[in-house]
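A.B. asks: With chain U's structure known, arrange chain Z on it following the hints.
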Amino acid sequence: MIIKRNAADMAVALASGETSSVALTQAHLDRIAEVDKDVHAFLYVDSEGALAQAALADKKRAAGEKLSPLAGIPLALKDVMVQKGIPTTCGSKMLEGWRPPYDSTVVSKLRAADVVILGKTNMDEFAMGSSTENSAYGPTHNPWDLSRIPGGSGGGSSASLAAFEAPLAIGTDTGGSIRQPAAVTGTVGVKPTYGGVSRYGLVAFSSSLDQAGPCARTVLDAALLHEVIAGHDPKDSTSINAPVPAIVSAAKSGNVKGLKIGVIKELQGEGYQAGVLNRFNESLELLAGLGAEIVEVSCPYFEYALAAYYLIAPSECSSNLARFDAMRYGIRVGDASGVSAEEVMNLTREVGFGREVKRRIILGTYALSSGYYDAYYGSAQKVRTLIKQDFDKAFLKSDVLVSPTAPTTAFKIGEKADDPIAMYLNDIATIPVNMAGICGMSLPSGLADEDNLPAGFQIMAPAMKDDRLYNVGAALEAALLSKWGAPILSHVSGLGAHA
Amino acid sequence: MAGISRDDVANLARLARIDMAPAELDHLASELGVILNAVARVQEVAGQNVPPTSHPLPLQNVYRKDEVAPSLTPEAALSAAPASEAQRFKVPKILGEEA
Chain U
1168 MIIKRNAADM AVALASGETS SVALTQAHLD RIAEVDKDVH AFLYVDSEGA
1218 LAQAALADKK RAAGEKLSPL AGIPLALKDV MVQKGIPTTC GSKMLEGWRP
1268 PYDSTVVSKL RAADVVILGK TNMDEFAMGS STENSAYGPT HNPWDLSRIP
1318 GGSGGGSSAS LAAFEAPLAI GTDTGGSIRQ PAAVTGTVGV KPTYGGVSRY
1368 GLVAFSSSLD QAGPCARTVL DAALLHEVIA GHDPKDSTSI NAPVPAIVSA
1418 AKSGNVKGLK IGVIKELQGE GYQAGVLNRF NESLELLAGL GAEIVEVSCP
1468 YFEYALAAYY LIAPSECSSN LARFDAMRYG IRVGDASGVS AEEVMNLTRE
1518 VGFGREVKRR IILGTYALSS GYYDAYYGSA QKVRTLIKQD FDKAFLKSDV
1568 LVSPTAPTTA FKIGEKADDP IAMYLNDIAT IPVNMAGICG MSLPSGLADE
1618 DNLPAGFQIM APAMKDDRLY NVGAALEAAL LSKWGAPILS HVSGLGAHA
Chain Z
167 MAGISRDDVA NLARLARIDM APAELDHLAS ELGVILNAVA RVQEVAGQNV
217 PPTSHPLPLQ NVYRKDEVAP SLTPEAALSA APASEAQRFK VPKILGEEA
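Which chain is which? The protein sequence lines are U and Z, in order.
The first sequence begins at 1168 in the working numbering and counts up one residue at a time.
The second sequence begins at 167 in the working numbering and counts up one residue at a time.
Take these hints with a grain of salt, some might be off.
What the hints assert, rightly or not - Here chain Z is said to cover these stretches of chain U; the calculated rule only asks that three of the stretch's residues, wherever they fall, bring their Cβ under 8 Å from a Cβ of chain Z: (1) 1265-1273; (2) 1515-1524.
As the list claims (entries may be wrong) - List of simulated lysine-lysine pairs, DSS-like, C-alpha gap at most 25 Å: (3) U:K1432 x U:K1233; (4) Z:K256 x U:K1260; (5) Z:K231 x U:K1402; (6) U:K1226 x U:K1260; (7) U:K1427 x U:K1555; (8) U:K1419 x U:K1276; (9) U:K1276 x Z:K256; (10) U:K1276 x U:K1402; (11) Z:K256 x U:K1251; (12) U:K1227 x U:K1276; (13) U:K1579 x U:K1204; (14) U:K1555 x U:K1432.
Hints were generated in silico from the structure; no laboratory data involved.
Glycine included, every Cβ here is placed at the ideal spot set by N, Cα and C.
Pulled out of the complex, with its shape left as it was, chain U reads as follows (with noise of 0.2 Å):
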């Protein structure tokens, strides 16, 4: 099937003449009116606009045009991206039936690389959960088990991916949304360095941590798909003006021989599952294997990341989401004869917003109210130039840091629905990539022992490295498929007699 084989396989397909880009955009989207009834992947697909990008990639491969490596290959976008005139809720009721007037940067790159694009995925609302739980529209459920959840915010993203619906994605990680979701789903997936992706367009939720990256099954694939949405971006300020890292060949080189290998040591231990931990200190002993040198480093002021980031996201989201008015776009409620515009957005956003998103929004205004600014947003401050520190200090000592992804494998729907706090510490492992600006990946690490879901490998490399992650994942990768002798994906037993 050729829907199970990975992107770079597919671009091979289409550049021999086996397959068309109409006929593998079809194949998705069969798959997709197969499974997605199931999954709930996607929150709005495009069959009509993704049909008419293949038919065009296929009539310039026709006429003998340059293409890019990844023309006519289908990709699921996160719906917190705005494409025009397509659909974009961000998982909210704020933006039901929004339709925007332009397209992100990532999605002109896109276009420009003539990647097809299938549709939007499910998300929290606002990109503010780690279950997609807290999406408006209903859960998405993991492929592997679909009682259970496929992390989150981009829980569409990655379960697009592991249900063989999209063999790319495009997710945005603000404190792990890329990642996590990766590691509980057995896929790859890749927060850039901050400023390496343009934020043009993504819809903001905690602008000093919120960054666009890859998703997909293998290193090699998030590489191709990193390298047509990265570079500068002169309609994004905080867009990093400087050459994009050489990921793609980092991603075909995988060689770890003489790289030294910090392991955080504050990242492990109580609160990891044993499953989860037993696959990463298997992954350890390969890398070692492979000629890395894995040393342990110590970053004492990571246990205070959760506590620093549930105030600088909820407060920088408290802002950024004043722009629900109620007046340019998006719904509006109440609005009668005599309702001054006030009340008009006080009714609106209390329809509009979902019960995480309000949570948020009033943890975050507390924050930043005066009187609680130094004691809290203010201290969390600081405690991001102490993250940055000893991130600093364990980058003197190593290539790469390394890290379980997440704490545990997927959880059941509802299961920590209740429990903020619970639900937070998901993030835990992810949380401080984002405080300092760096970049990380996830890639599967195999299955934990208890429960026979995948467990994900993190990567951490300090900013503008990010071809570091791709050398290393690439070599991990392999070493791992050669031990397994199939992809991790081949296992996938959620989807019955469709797996």
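C.D. replies: Same frame as chain U, but now just chain Z:
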């Protein structure tokens, strides 16, 4: 650390322009108390001598050239407005009758 009262939450909801129902205020007051206790830990290590970090990049403000570039037409900009009139966003009244 002091808890957070229902009145505190009502005031925050007013500042954040969210018209919360009484039951929602009660629920949030108890939840926020728990969350604030957890996040207040940042104060343990936020000493006077630690500089704050607001952003991962040491950026100065970035300006673009003052040149006309393609932009949305008025029709496109207004296309998603809940209400519009004469190429403008139409909003509910913002001032009282007396003003």
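A.B. asks: Could you run down the list of hints and mark each one as holding or not?
C.D. replies: Hints, one by one, checked against the model:
| no. | hint | result |
| --- | --- | --- |
| 1 | 1265-1273 | holds (count 5) |
| 2 | 1515-1524 | holds (count 3) |
| 3 | U:K1432 x U:K1233 | 48 Å, violated |
| 4 | Z:K256 x U:K1260 | 21 Å, holds |
| 5 | Z:K231 x U:K1402 | 12 Å, holds |
| 6 | U:K1226 x U:K1260 | 39 Å, violated |
| 7 | U:K1427 x U:K1555 | 20 Å, holds |
| 8 | U:K1419 x U:K1276 | 23 Å, holds |
| 9 | U:K1276 x Z:K256 | 35 Å, violated |
| 10 | U:K1276 x U:K1402 | 13 Å, holds |
| 11 | Z:K256 x U:K1251 | 23 Å, holds |
| 12 | U:K1227 x U:K1276 | 17 Å, holds |
| 13 | U:K1579 x U:K1204 | 19 Å, holds |
| 14 | U:K1555 x U:K1432 | 16 Å, holds |
Checked against the numbered hints listed earlier, the structure breaks hints 3, 6 and 9; every other hint is satisfied.
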